[in-house]
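Chains A and B, in that order, are what the protein sequence lines are.
Here the first sequence stands for residues 1 to 495, numbered as in the working numbering.
Here the second sequence stands for residues 1001 to 1074, numbered as in the working numbering.
Please keep in mind that the hints were generated in silico from the structure rather than gathered at the bench.
All values derive from a computational prediction rather than experimental measurement.
Misleading hints may appear alongside valid ones.
As the list claims (entries may be wrong) - Derived DSSO-like pairs (lysine-lysine); straight-line CA-CA distance at most 27 Å:
hint: 1; chain 1: A; residue 1: LYS96; chain 2: A; residue 2: LYS120
hint: 2; chain 1: A; residue 1: LYS359; chain 2: A; residue 2: LYS120
hint: 3; chain 1: B; residue 1: LYS1068; chain 2: A; residue 2: LYS490
hint: 4; chain 1: A; residue 1: LYS268; chain 2: B; residue 2: LYS1002
hint: 5; chain 1: A; residue 1: LYS490; chain 2: B; residue 2: LYS1002
hint: 6; chain 1: A; residue 1: LYS268; chain 2: A; residue 2: LYS471
hint: 7; chain 1: B; residue 1: LYS1003; chain 2: A; residue 2: LYS99
hint: 8; chain 1: A; residue 1: LYS486; chain 2: B; residue 2: LYS1002
hint: 9; chain 1: A; residue 1: LYS99; chain 2: B; residue 2: LYS1002
hint: 10; chain 1: B; residue 1: LYS1068; chain 2: B; residue 2: LYS1003
hint: 11; chain 1: B; residue 1: LYS1002; chain 2: A; residue 2: LYS120
hint: 12; chain 1: A; residue 1: LYS99; chain 2: A; residue 2: LYS268
hint: 13; chain 1: A; residue 1: LYS471; chain 2: A; residue 2: LYS96
hint: 14; chain 1: B; residue 1: LYS1003; chain 2: A; residue 2: LYS268
hint: 15; chain 1: A; residue 1: LYS143; chain 2: A; residue 2: LYS120
hint: 16; chain 1: B; residue 1: LYS1068; chain 2: B; residue 2: LYS1002
hint: 17; chain 1: A; residue 1: LYS490; chain 2: A; residue 2: LYS96
hint: 18; chain 1: A; residue 1: LYS120; chain 2: A; residue 2: LYS268
hint: 19; chain 1: A; residue 1: LYS490; chain 2: B; residue 2: LYS1003
hint: 20; chain 1: A; residue 1: LYS27; chain 2: B; residue 2: LYS1002
hint: 21; chain 1: A; residue 1: LYS490; chain 2: A; residue 2: LYS99
hint: 22; chain 1: A; residue 1: LYS486; chain 2: A; residue 2: LYS99
hint: 23; chain 1: A; residue 1: LYS120; chain 2: A; residue 2: LYS99
hint: 24; chain 1: A; residue 1: LYS486; chain 2: B; residue 2: LYS1003
hint: 25; chain 1: B; residue 1: LYS1068; chain 2: A; residue 2: LYS99
hint: 26; chain 1: A; residue 1: LYS96; chain 2: A; residue 2: LYS486
hint: 27; chain 1: A; residue 1: LYS471; chain 2: A; residue 2: LYS120
hint: 28; chain 1: A; residue 1: LYS359; chain 2: A; residue 2: LYS486
hint: 29; chain 1: B; residue 1: LYS1002; chain 2: A; residue 2: LYS96
hint: 30; chain 1: B; residue 1: LYS1068; chain 2: A; residue 2: LYS268
hint: 31; chain 1: A; residue 1: LYS96; chain 2: B; residue 2: LYS1068
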Amino acid sequence: MQDWQYALIIMLAYLAIALFIGLWAGKGRGGSVSEFAVAGRTLGMLVTACLMGGAVFSAFSFLGAPGWAFDRGAPAYYIIVYTAFGILPWYIIGPKIRKIGVRLDLYTVSGFLFERFRNKTIPILIAIIALFAFVQYLATQMKGMAYIFNIMTEGRVPIWLGALIAYGIVVIYVATGGLRAAAWSDVFQVMLMVVISWVVGIAVVLQLHGNTTSMFSRIAEERPGFLEIGAEGSTMSPAAYTTTILVSLIGLLMWPHLFSKSYSSKPKTIKRTVLVYPIFALFLIPLLLAGFAAIGAVQSGEVVPDEILPYLITNVLQMPGWLYGLVGAGALAAAMSSADAITHSASMEFTNGIIHQVKPDMPERTTLVTMRTAVVVIGGAAYLVTIFGGQGLIALLLGAYGSIVQFAPAVYSALYWRRATAAGVIAGLLLGASVNYYYQFMAEPLFDINPGILGLIANVIVMVGLSYATKPPAIDAVDGFVDIDKVTAKETTMK
Amino acid sequence: MKKRTFNTIFITVSVLAFLPLIFPLYGLVDSPMPITLGLPFNFFWVILWILIVFTAVVILYFLDPTNKIREDED
């Protein structure tokens, strides 16, 4: 049998197992909105950690991180820094969001901000930005899946088919089993890709360089400045590096699929997940090593940076077919474990942020049907964008992707600042997103600062200014957020 | 320890462990030499601080006053 046949069989076997676990986890749980949206708010430590870990361990980390190391050198460290530190605020805000969510029966970011600011424009705005950003995110994952299928079978599985099979499976288990299905398939996917990334990272370094010390000494000698930031020969300035870390770090928890996991786990589970999370950041190390190892072995320009890892495995290294099938499975697992959480969350934000605003008091059954349908429709739309998306559309989606971090002032002031008003939040959000878009696509960067940070500065100034200029918000709405501890304590004694 | 005090400590520790990884502080160690434990020094530095913050958060978890309360209600 030829290498590509082994690879195809292993990848198909992986997909079959992922589908089976997803369907099995969601089976027989009954059809309530709470089960579908937040798995009854009782997910345990293992699943929560894997959900959060799987979501950041995406096609970007499997394909993008080695690409960054290969193409840009030291700036690639930013990925590890923001992953490790971006989760820390969750220790403080996660349990608080959970408490607020249980009391008001919430499961989305849109719903969260709607209850605090009692304004319909906010959830609709949030849901629209999130949907665009999610479609962009999904398109990246799907391109990763399709690319893996294509290269591992030496071009025998076309792009449209690879994306359809892998993502089709995700849509099936999310639509039927909701969050619980996504969570359990993530447990399997996370374990698989962690093992594979270490095996591959080590194998690549050993075969090409013997050990990491000689590898890095050679790079430092041949490419002075490449392993530094801001030096002559470096690919990124200190200002760009620092603000890129900051924007990714602040943005991490604002992604609705991560934010909403506050609702599905108990406070202790949330805190323990934060505890183990830096380990996920360290799992990225071998992937960076593999990217560095390609320097010298592959000429830059020979291959697109994002395709460096599969390229190494199929064209440069001597590996048995079954091993490269495993790499394919690992990359698919990385892409799918992000895609499932995102597809699920996109459906929640759409239903809760848009449909429920237009049609309040929807019966539970209809809500559930809407959520399931939304999974399929959003999944289909993302698929079509991936296969046929044009340039204009892609700029719009990328703009939304960069705008997620603009939720941060709204979310943090909802939790901690009594005086924040709906008008301030809306203006801040719109201005922040526009500033980000302007500096991302239309103007040269200002002092090399990340456009997202420029947007955040504008966002915060306008939000604070306009909040003071408008009438203070309703006290009872604010109390249920800022002073949630007192409110729940009072409500328990009254019972 | 009160919850508020704990939160302040948690935030301070996190920020202090983060600052060495961004500029201007990161500029002091931003060089691949000497290669330490097989990694460029500025890469090793990143991993070192991640391990430090990991240890710190584990210790803080055991000091956290709200974790001592029973957990069926929340």
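* Pair hint outcome, B:LYS1068 versus A:LYS99 [Cα-Cα no greater than 27 Å] -> holds (17 Å)
* Hint consistency between A:LYS490 and A:LYS99 [alpha-carbon to alpha-carbon, up to 27 Å] -> Roughly 14 Å separates the two Cα atoms, so the pair holds.
* Verify the proposed pairing of B:LYS1003 with A:LYS99, using a straight-line Cα cut of 27 Å. => holds (15 Å)
* Asked: Given the hinted pair A:LYS359 and A:LYS486, is their alpha-carbon gap at most 27 Å?
  -> Violated - the C-alpha atoms of A:LYS486 and A:LYS359 are around 32 Å apart, more than 27 Å.
* **B:LYS1068 paired with A:LYS268 [C-alpha distance capped at 27 Å]** => Satisfied, since the Cα-Cα distance of roughly 10 Å is no more than 27 Å.
* Is the Cα-Cα distance between B:LYS1068 and B:LYS1002 27 Å or less? -> Given that 27 Å is the threshold and the Cα spacing comes to 12 Å, the pair holds.
* Pair hint outcome, A:LYS268 versus B:LYS1002 [Cα-Cα no greater than 27 Å] -> Holds, because 17 Å separates the two Cα atoms, which is no more than 27 Å.
* Asked: Are the Cα atoms of A:LYS490 and B:LYS1003 separated by 27 Å or less?
  -> holds (18 Å)
* Asked: Can the restraint linking B:LYS1002 and A:LYS96 be considered satisfied, given a maximum Cα separation of 27 Å?
  -> With Cα atoms ~16 Å apart, B:LYS1002 and A:LYS96 stay inside 27 Å; holds.
* To do: Below or equal to 27 Å on CA atoms is what counts here, so check A:LYS120 against A:LYS268.
  => violated (33 Å)
* Measure nothing beyond the straight line between the CA atoms of A:LYS96 and A:LYS120; if it is 27 Å or shorter, mark the hint as holding. => holds (23 Å)
* Compare the distance between the alpha carbons of A:LYS96 and A:LYS486 with 27 Å, and conclude whether the hinted pair is satisfied. => holds (12 Å)
Of the numbered hints listed earlier, those contradicted by the structure are 6, 11, 15, 18, 20, 28.
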